[in-house]
Structure formats: structure tokens, C-alpha cells
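*Asks:* Sequence:
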Amino acid sequence: MVFGSRVAVIGAGSVGATISYALLIQKISSEIILVDIVEEVVQGQVLDLSDANFISSTQIRGGTFQEAGQCDIIIITAGAKQKPTETRVELIERNYKILDSVIKSMQPIKSSAILLLVANPVDILTYIAQKLSGLPKNQVIGSGTFLDSARLRLKIASSIGVAENAVHAYVLGEHGDSQIIAWSSAHIGGKPLLDFPELKNIDKDKFAKEISGKAYEIIKLKGATYFGIAGCVSSLVQCIVLNQKHVRPLSTFIEEYGCVLSMPVVLGSNGIERMIEIHLDSDERAKLKQSAVALKQICDKYVK
Numbered sequence: 001m002v003f004g005s006r007v008a009v010i011g012a013g014s015v016g017a018t019i020s021y022a023l024l025i026q027k028i029s030s031e032i033i034l035v036d037i038v039e040e041v042v043q044g045q046v047l048d049l050s051d052a053n054f055i056s057s058t059q060i061r062g063g064t065f066q067e068a069g070q071c072d073i074i075i076i077t078a079g080a081k082q083k084p085t086e087t088r089v090e091l092i093e094r095n096y097k098i099l100d101s102v103i104k105s106m107q108p109i110k111s112s113a114i115l116l117l118v119a120n121p122v123d124i125l126t127y128i129a130q131k132l133s134g135l136p137k138n139q140v141i142g143s144g145t146f147l148d149s150a151r152l153r154l155k156i157a158s159s160i161g162v163a164e165n166a167v168h169a170y171v172l173g174e175h176g177d178s179q180i181i182a183w184s185s186a187h188i189g190g191k192p193l194l195d196f197p198e199l200k201n202i203d204k205d206k207f208a209k210e211i212s213g214k215a216y217e218i219i220k221l222k223g224a225t226y227f228g229i230a231g232c233v234s235s236l237v238q239c240i241v242l243n244q245k246h247v248r249p250l251s252t253f254i255e256e257y258g259c260v261l262s263m264p265v266v267l268g269s270n271g272i273e274r275m276i277e278i279h280l281d282s283d284e285r286a287k288l289k290q291s292a293v294a295l296k297q298i299c300d301k302y303v304k
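Counting in UniProt numbering, the sequence shown runs from 1 upward without gaps.
Keep in mind that the hints are not guaranteed to be accurate.
[What the hints assert, rightly or not] Label-pair distances were calculated between CB atoms; the ranges are:
id	residue 1	residue 2	range
1	Glu164	Ile276	18 to 24 angstroms
2	Ile276	Ser101	42 to 48 angstroms
3	Ile55	Lys191	38 to 44 angstroms
4	Pro108	Asn270	44 to 50 angstroms
5	Asn270	Arg94	29 to 35 angstroms
6	Ser50	Glu256	25 to 31 angstroms
7	Asp205	Ala163	44 to 50 angstroms
Simulated from the structure, these hints should not be mistaken for lab results.
Since the structure is predicted, the reported quantities are computational estimates derived from the model, not experimental observations.
We treat Cβ as the ideally placed atom computed from N, Cα and C, and that holds for glycine.
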């Protein structure tokens with residue numbers, strides 16, 4: 001990947017448009033191609049986004065699915081909107097058909113392209129995209145629990161009174177109801193997180209539910225979430241384009257479990273370079289395995 005790479009955003013709704021805006025002001029791609037089956041929406045978003053071109057040299061335009069397939073990074077946000085009472089897993093029947101159509105429309109996909117899935121349920125759709133796209137698994141990535149982990153770090157930082165980037169803690173597993181917080185490996189400045197007085201008597205289950213339920217709260221209040229995920233995706237694109245090799249919790253295929261879920265990985269210009277093994281206690285490992293079994297059962301129904 002080189003500075004000035006071409007990025008395609010599939011889906012011109014609120015999430016796709018906000019990601020496009022975040023990428024535009026980031027100034028690391030030469031061109032952003034916005035694609036959607038509704039051409040009028042693409043035209044409107046491009047006209048609106050182009051008004052921000054005075055702060056960026058990045059060009060943005062509408063394009064076709066085949067043009068998107070030849071970009072360096074392809075971000076797929078297209079999918080059915082999540083309803084307030086609907087779980088991510090319940091979205092799969094509708095979003096599988098959309099993903100299948102999108103990938104078929106982009107063929108042949110550039111062999112070195114990085115495919116980044118944002119639509120939900122992201123773990124299952126990432127697994128399906130790995131099978132349908134024909135790309136190596138390390139080049140097909142889901143945004144996973146990156147945003148959940150960012151929410152976790154923000155809440156911990158606020159509780160303890162430190163900067164967010166001083167908190168080293170991950171949400172792992174499914175991006176959804178069965179995700180877990182890796183408390184046993186979390187730390188600040190080398191000091192275990194749960195050794196801090198502010199967190200010693202914390203209700204870990206309640207804390208975890210607040211993190212996993214934040215998206216549902218936002219959806220209930222305003223209908224959708226898009227600012228947080230746009231920030232995460234623009235950060236991931238920067239990491240890929242600049243080969244920064246940051247460690248991020250992302251949806252990737254885990255051989256041990258035979259499915260896609262989020263674990264800390266090194267992200268660079270070739271996609272996922274490797275997974276980082278972190279310490280999990282017996283309870284955390286059991287919950288992670290339980291989450292993986294449930295995800296694999298669903299994935300096996302859709303991809304043989």
C-alpha cells in the first residue's frame with residue numbers, strides 16, 4: 001500500500017457518508033469512490049462532500065461496483081438498517097443477500113485489495129466475505145470490537161482520571177451480545193486495571209453490559225450510529241496506507257475456533273500481519289470459546 005491509495009466506500013447512507021467525510025479530512029488517499037445502488041443518493045452525498053474539498057486534496061466521486069473492485073481498500077457499509085430491538089445476528093438473513101450481490105458486482109476484485117467490512121453482524125459477514133471474495137483471509141477484515149474497545153477505554157479513562165491512550169484494554173470475541181472484556185490482561189502503565197482503587201469493587205457484568213449496550217442506546221435515541229465507527233474506520237485506513245502496524249482488535253479468522261471473531265492483531269499494508277496472543281483467565285477463555293461456537297454454527301449455515 002502506498003500513500004495516496006484509492007479507497008472505495010460501498011454504501012452511501014449515513015455510515016458510508018460519514019466514513020467518506022472522515023477519510024476526506026484525513027488527507028491520506030488520493031481518491032474516494034462512493035458507490036450505492038441508489039445513484040441519486042450518491043450524487044447528493046458527493047455534491048455535499050465535495051464542498052469540504054477546500055480542506056483536502058483528496059478527490060471524491062461516485063463510481064461503479066467494478067471500479068470499487070479495483071481500489072486498494074474497499075470498505076463495505078452497505079446493509080439493512082438495524083432496528084431498535086433487533087440483535088446483530090437477526091440482521092444476517094437480509095445482509096447476506098446484500099453482501100453476496102456487492103461482491104459479485106465487484107468481480108474481479110484487485111488481488112492486493114484490502115476488504116474492510118463494517119456492516120453488521122460484522123463477524124459473520126466478514127467470514128462470508130472471505131469465502132465469496134476469493135481474497136486471502138488476512139486481506140478481508142471486519143471492524144470487529146475496535147469501537148467497543150474504544151468505548152471501554154474511554155469509560156475506564158474517565159473513571160480513573162487518565163488519558164484514554166494510557167488505557168490498555170480490549171473487548172474481544174463477537175461484536176455483539178456475547179463479547180467479553182479481557183479484564184485479566186488490562187492495565188495502565190503496567191499496573192493491572194483491577195488493582196486501581198476506583199475499579200476494585202466494580203460490577204464487571206454491569207460494566208460490560210454498558211459497553212455492549214451503548215450502540216443500542218444510541219440507536220434508540222437517534223436511529224443509527226455513525227460517528228464512532230467512522231472514526232475507527234478512518235484510523236484503520238490510515239494504519240493500512242501508512243503501514244503503521246498498530247495493534248487493533250479486529251474481526252479475523254481464528255484457526256483455533258474455526259470462525260471469525262475479534263482478537264488483537266497487527267495491522268499493516270498487507271492487511272493483518274499476525275495475531276497477538278494475550279492472557280485470558282479460565283472464565284474469559286470459556287466465554288470466548290462459547291461465543292466462537294455460536295458464531296461458527298451460524299456461519300456454517302451460510303457458507304459450505
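*Asks:* For every hint, state whether the structure bears it out.
*Replies:* Here is what the structure says about each hint:
Between glutamate 164 and isoleucine 276 the CB atoms are about 20 angstroms apart, so this pair conforms to the stated range of 18 to 24 angstroms. For the pair isoleucine 276 and serine 101, the supplied restraint of 42 to 48 angstroms is violated, since their beta-carbon distance comes to about 35 angstroms. Between isoleucine 55 and lysine 191 the Cβ separation comes to about 41 angstroms, which falls inside the hinted range of 38 to 44 angstroms. Take proline 108 and asparagine 270: their Cβ atoms lie about 19 angstroms apart, and the range 44 to 50 angstroms is violated.
The given range of 29 to 35 angstroms is respected by asparagine 270 and arginine 94, whose C-beta atoms sit roughly 32 angstroms from each other. As the Cβ distance of serine 50 to glutamate 256 is approximately 46 angstroms, the hint placing it in 25 to 31 angstroms is violated. In this structure the supplied range 44 to 50 angstroms is violated for aspartate 205 paired with alanine 163, their Cβ-Cβ distance being about 27 angstroms.
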